[in-house]
Amino acid sequence: MGKLYDKLTEDVRFIEGLKACLNCGTCTAICPAAAFYNYQPRMLVDILQTRDDEKIEALLKSETIWYCGECMSCVTRCPRGNAPGLLITTLRSLSQELGYFVESEKGRQQLAIKRTVGEWILNYGYCLFPANILPEMHPEQGPIWEWEYANIEAVMERLGANYQQSGPGILRKIPQEALDEIRKIFDETGGTARYEKIEEFSRKKANELGINLDETLTCDYIRHIYTVNMKDHTQAL
Amino acid sequence: MKIEGKRQIWKEYQKEIAEDHFFYVRSCVRQNFFPGSEKTFLQILKDELHKDIYENPSHTTCSGIGYHSDIVPFETSMTMVARQFALMTESGYKNLATSCITSFGLYTEILNTWHHFPEVEERIRRHLKNATGREFKVPDNLSHASDIIYKFRNEIAKKGKFRLINRETGKPLKVVEHIGCHYSRMFPSKGIGGAEYPYVLTGMIEEWGGEVIDYPERRHCCGFGFRQYLIQANRGYSIACSKKKFDSMRPYKPDFILTNCPGCPMFLDRWQYAISEMEGITYGENGSGIPVLTYEELAGMILGYDPWDLGLQVHQVPVEPLLDKIGIPYDPSSKFLGKDGKYLGKPAVPTFLKFS
Chain A
1 MGKLYDKLTE DVRFIEGLKA CLNCGTCTAI CPAAAFYNYQ PRMLVDILQT RDDEKIEALL
61 KSETIWYCGE CMSCVTRCPR GNAPGLLITT LRSLSQELGY FVESEKGRQQ LAIKRTVGEW
121 ILNYGYCLFP ANILPEMHPE QGPIWEWEYA NIEAVMERLG ANYQQSGPGI LRKIPQEALD
181 EIRKIFDETG GTARYEKIEE FSRKKANELG INLDETLTCD YIRHIYTVNM KDHTQAL
Chain B
1 MKIEGKRQIW KEYQKEIAED HFFYVRSCVR QNFFPGSEKT FLQILKDELH KDIYENPSHT
61 TCSGIGYHSD IVPFETSMTM VARQFALMTE SGYKNLATSC ITSFGLYTEI LNTWHHFPEV
121 EERIRRHLKN ATGREFKVPD NLSHASDIIY KFRNEIAKKG KFRLINRETG KPLKVVEHIG
181 CHYSRMFPSK GIGGAEYPYV LTGMIEEWGG EVIDYPERRH CCGFGFRQYL IQANRGYSIA
241 CSKKKFDSMR PYKPDFILTN CPGCPMFLDR WQYAISEMEG ITYGENGSGI PVLTYEELAG
301 MILGYDPWDL GLQVHQVPVE PLLDKIGIPY DPSSKFLGKD GKYLGKPAVP TFLKFS
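Protein chains in written order, with the numbering used here: chain A, 1 to 237; chain B, 1 to 356.
With the rest of the complex left out, here is chain B (with noise of 0.2 Å):
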């Protein structure tokens, strides 16, 4: 193929990312399971990037666990997110980017449905009206917390204290990327490389010096499926995802899964955890697990940031073994400390995860 007509259909799947100036609305899984996570994100983007960015503390939650499993109508979803636009217009800001893949793809959606069906937006606009008096304009610019961090990857390598690189061996770390599911299946354009190749994780993966794994079930869902886990009785399925994957991914040895979706970290970190209980199988080398990040813990870690600061102590499956490899120094006594450095006991041991 000439490299003219490659370019031109790589081009169809490149989004636009705005440059600055961010109105930023956190995820509600990452706040209550991988806070360091979001506060690492605005570190980076103010004290590395030098970028403008801006969280109005009236932001309420999408909904959209709660519009994805159904409690929540269609029209309720779309007037908070609706709200949200309007907290953004009346702050002076133009760009919005969503900590949560759920959202990114409820805002893309309620966006989609709006260009198709203009008599819903307007319906809309008069319900926020009705019930909180305000107006908004639609984003100029929508993007995902990772596609920031993959906009600017080559600086914050630049920035770089680490490689993905194995000291011992000098070869590059296997790395499994898993995209969250409303990332980009439903309206392809709207994520970097669609939903088939998506590059997001892989674009940070491979700057930072890592190789990415190409296995079956890579495209599997995690296995949240909303109603799926949030009833217990229904969580077979959500487990049984997850065990998909990990059969699936563990021919490849992966040194660590790379996320970008809020809950996926989450549930590919503990159901490591609940099928070792349930059936004594660990997926990494000698009864450990395998460490799973949220991007903006990689670019953290690659940048040199304190593991303990980024949170990775809340991880079930240790990433020590990982930071290893990278020779990430750490300090083991300081792990499970508070912010005035009074000791908070330690978790217990699980019955064949390898803990420490």
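Next up, chain A with everything else stripped away, as it sits in the complex (with noise of 0.2 Å):
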């Protein structure tokens, strides 16, 4: 048994996601990124259950592994009770861990992902947060969020929300007190040293690519992994 595949056991959820797959495809036939990526989650488990270190650190280093949306619409249909999607969520902790992910265009996109949505978690104990949803960014939330955006307090207001203010309410201001308990929960569990290994292998593979990554969102790294594909990662029709 090899090395990667014993860490990868060290993860209470490979040990519920994997137990011995027939093969029978089910999960790809459900599987929402499997109709539009070139991606099977069938192939994957058979992969894993080979238990062959080199198969597993190609995977780890692969674009495969971030294709899946984790709909976890495999873990209802799988008749062996296997978990495909949860076993993504390994694979992607341990490429993180050991800096595999900045070796795929998809797996390099953590970094975008950790300097938006993680940096709001800490800073103002959400996952979204309206000022930070920048129309441009996102043509797609059409004219009513431009107008959203544009009139946020006063929209907020006239909804109920007690925006950015103490005490309860919608999208209120959460205490320093509360975030200082996050920021230690982070330091304590390995939320900190996760966020500070995507900052750390992606500053080397900026390097490597010539690429400037600085503190930014609008730096031509970030820019450039929020924005582009360089490959077709599409299912051929």
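Keep in mind the hints are simulated off the structure, nothing from the lab. Treat the hints with care, since some could be wrong.
Listed next, the stretches of chain A that the computed footprint assigns to chain B, with coverage defined by at least 3 CB atoms under 8 Å from CB atoms of chain B [said to hold, decoys possible]:
(1) 30-39
(2) 184-190
Here are the simulated DMTMM-like cross-link-like pairs (lysine to aspartate or glutamate), alpha carbons at most 20 Å apart as the crow flies [said to hold, decoys possible]:
(3) A:Lys184 to B:Glu135
(4) A:Lys184 to B:Glu122
(5) B:Lys335 to A:Glu146
To list a few chain A residues with every Cβ distance to chain B over 10 Å, as calculated [what the hints assert, rightly or not]:
(6) Gly25
(7) Glu54
(8) Pro79
(9) Asn212
We treat Cβ as the ideally placed atom computed from N, Cα and C, and that holds for glycine.
Take the two lone chains and join them into the complex the hints point to.
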């Protein structure tokens, strides 16, 4: 049994998610990602149950593990109680732990998620925050969001929010003590270490690729990973 | 089949929903995109159903979107959730009500993990104590907010001023119900009706007079997919999933779509706009879209609340055609006013999607 496989089995989600796959393909049939991307959860589970470290390393460095949307449709349908979607979460964790995520275009995107949702959790206490949902980055949000964004305080007040005020309510200002506790939880449980690894490995990759990466969201590296597909990842029709 | 046997089978797909005294935790997506829905939920529970529901201002995100986009480790998310449990315990509550489906799924996953691996729960208790000094009890009852509205759907119908009937034809409105993936896909026993025949929204629609449409892609994901939407380069996945659903439901001519997940109504609303701009396709009648509602908005409509108090003005697909079908009155001139009556200007009009 290989070292990477051993490492995966340290994650309880891996133990929960991998029984014995009979390769029936039901997960692939139901999978929204398989309908769009060049992706088959069946293949993923099949590779894992070989316990072959070389194959697992290739998987951890591949685009493949970043295609899943974690909708967990596969979990409902698997006749053997496997959970490919859960296995994806363990593979993505290990890929980031080892720095393998920067070897794939889709994996490199993790830095943009860390710099947005990741920082918003710590700074605001919310995964999303309206002032940061810039209309120019979200054309799909349409004119209605442009209108809301331009009038955010008035719209929030009209709809009963307690926008950035103290006390309970919608989009209240989360007390500093609560934000301090979140930060301590991140320090205690490996959340801060995960963020630092994403930054560190991304910095090395940016240097290797010769693309500028600084602290901002507007630098070349972030813009590139956020907006560009250099390869065709989709399923051939 | 004998009726007893049928009841026995159905019993497997029921879940216990607390009667009263809820500790409420909010949804990040809901607060950003449909704030009126959370306000309406609390209004219905407190003013209509006379329930005790409490929100501790110190509660935060559960980190679910960060967890499912894989930047936040499971260990961290479990401890974040443990902190919410601690606030519940300290506030004297035992029944947790979550506004968010991602949170509901994450809470369920964590409780299930702790059930199978008690040593993980012990470790998380130590993490929480070390980081915050807090301790907790796990909830006696975990419900999604839609479970609670489902439980009291009869009372809402009795107090209701409107029903889901086309006032011109006298026929039931045809409704697409869309269940958030993390409501019951991983743990079917935790959702009403399980994963195969989730009944939480269907129960509301039928009780309030409408008719549910069964269409081929009924159970397909809206396409959020966490990282598949959060990153602009991946949004093709997201819009393709929604389009697959719209194409599949269109022949059944739905009057509206009802959702129970915070993200789904936003995507099913906004992607209709994006598809119209990209391909000139609209899915409703005569260039309009299919209105998409949250279950709180629908309950508020049934109860006769002002549509602009519910927040229906922040939908990209206008809801007025549906209000007209039911006969719900509204004042078009106050749609885009602030709380003090100040006119906030009108959003730009889309190229193809009918907006007024």
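- prompt: Quick check: the stretch 30-39 of chain A, covered by chain B? Criterion 3+ residues, Cβ under 8 Å.
  reply: holds (count 5)
- prompt: Would glycine 25 (chain A) pass as off the interface with chain B, using Cβ distances and a cut of 10 Å?
  reply: With a cut-off of 10 Å, glycine 25 (chain A) remains clear of chain B, as the shortest Cβ separation is near 18 Å.
- prompt: Hey, does proline 79 (chain A) actually stay past 10 Å from chain B on C-beta?
  reply: holds, 14 Å
field: Claimed coverage, the stretch 184-190 of chain A by chain B - three or more beta carbons nearer than 8 Å
entry: Holds, because 7 residues of the stretch 184-190 of chain A bring their Cβ atoms closer than 8 Å to Cβ atoms of chain B.
query: When you check the alpha-carbon spacing of lysine 335 (chain B) and glutamate 146 (chain A), does it fall within 20 Å?
result: holds, 16 Å
message: Check the hint pairing lysine 184 (chain A) with glutamate 135 (chain B) against an upper bound of 20 Å on the C-alpha distance.
response: The given pair, whose Cα atoms are some 15 Å apart, holds under the 20 Å limit.
- prompt: Looking at asparagine 212 (chain A) again, its CB stays over 10 Å from all of chain B?
  reply: Asparagine 212 (chain A) clear of chain B: closest Cβ-Cβ about 19 Å, beyond 10 Å.
- prompt: Going straight from one Cα to the other, do lysine 184 (chain A) and glutamate 122 (chain B) come out at no more than 20 Å?
  reply: holds, 18 Å
- prompt: Closest CB-CB distance from glutamate 54 (chain A) to chain B, is it above 10 Å?
  reply: holds, 23 Å
The structure meets every hint from the earlier list without exception.
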